[in-house]
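> Just so we're aligned: 182 in the numbering used here is position 22 of the sequence shown, and the numbers increase by one with no gaps anywhere.
Wrong hints could be hidden among the right ones.
[To be verified] Derived DEER-like restraints, expressed as beta-carbon distance ranges:
no.	residue 1	residue 2	range
1	PRO181	ARG245	28 to 38 Å
2	ARG244	PHE171	25 to 35 Å
3	GLU210	ASP166	31 to 41 Å
4	VAL183	ARG245	13 to 23 Å
5	VAL238	GLY206	14 to 24 Å
6	GLU236	SER208	11 to 21 Å
7	GLU211	LEU175	10 to 20 Å
8	SER208	SER169	25 to 35 Å
9	LEU241	SER217	13 to 23 Å
10	SER217	CYS173	16 to 26 Å
11	ASP167	LEU242	16 to 26 Å
12	VAL238	PRO168	13 to 23 Å
13	ASN177	GLU210	11 to 21 Å
Since the hints were made in silico from the structure, they are not lab data. Values in this document were obtained by computation on a predicted structure and should not be read as measured data. By construction, the Cβ of each residue, glycine as well, lies at the ideal position given by its N, Cα and C atoms.
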Amino acid sequence: LELLVDDPSAFECVLLNVSLPYVSGIDVAEEMLGLRPDLPVLLISGYSVEEIQRRVSDLPIRGILQKPFTSSDLYEAVRGLLPRRP
Numbered sequence: 161l162e163l164l165v166d167d168p169s170a171f172e173c174v175l176l177n178v179s180l181p182y183v184s185g186i187d188v189a190e191e192m193l194g195l196r197p198d199l200p201v202l203l204i205s206g207y208s209v210e211e212i213q214r215r216v217s218d219l220p221i222r223g224i225l226q227k228p229f230t231s232s233d234l235y236e237a238v239r240g241l242l243p244r245r246p
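Kindly produce the complete structure, drawing on both the sequences and the hints.
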């Protein structure tokens, strides 16, 4: 969060695990989006997508990637967050 506070434009997107030590990834996402509402956030979780969607229904989360996933799944999820470049 400190890096985002110092330079909000430093990140093109953020990938967050829902279950982090000492804090919820959803809480971190909420704080990050409070600082930069347009920041594309992808949540990663072993919980069901439906459960996570219920928990973040009031946040502009751009995607949820369910574990386990392949490197191709991750690539496609991140690619979907970023704007297309010529």
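> Determine whether the Cβ-Cβ distance between SER208 and SER169 falls within the hinted range of 25 to 35 Å.
Distance hint for SER208, SER169 holds at roughly 34 Å.
> Given the range 13 to 23 Å, decide if the beta-carbon distance of LEU241 to SER217 lies inside it.
19 Å, holds
> So does VAL238 sit 13 to 23 Å from PRO168, Cβ to Cβ?
Holds - the Cβ-Cβ distance for VAL238 and PRO168, about 20 Å, lies within 13 to 23 Å.
> For the hint 16 to 26 Å, verify it against the beta carbon of SER217 and that of CYS173.
21 Å, holds
> Range first: 10 to 20 Å. Now tell me if the beta carbons of GLU211 and LEU175 are that far apart.
Holds, since GLU211 and LEU175 (Cβ atoms, about 19 Å apart) stay within the stated range.
> When you take the CB atoms of ASN177 and GLU210, is the distance between them in 11 to 21 Å?
With Cβ atoms ~18 Å apart, the hint holds.
> Take the C-beta atom of ASP167 and the C-beta atom of LEU242, compute their distance, and say whether it sits inside 16 to 26 Å.
Holds, since ASP167 and LEU242 (Cβ atoms, about 18 Å apart) stay within the stated range.
> Holds or violated: 14 to 24 Å for the Cβ distance of VAL238 and GLY206?
Given about 19 Å between the Cβ atoms, the range holds.
> Given the hint of 31 to 41 Å, is the C-beta distance from GLU210 to ASP166 inside that range or not?
36 Å, holds
> Honestly, do GLU236 and SER208 meet the 11 to 21 Å range at C-beta?
20 Å, holds
> Do PRO181 and ARG245 keep their Cβ atoms within the hinted range of 28 to 38 Å?
35 Å, holds
> Quick check: does the Cβ-Cβ distance between VAL183 and ARG245 fall within 13 to 23 Å?
33 Å, violated
When each numbered hint is compared with the structure, violations occur for hints 2 and 4.
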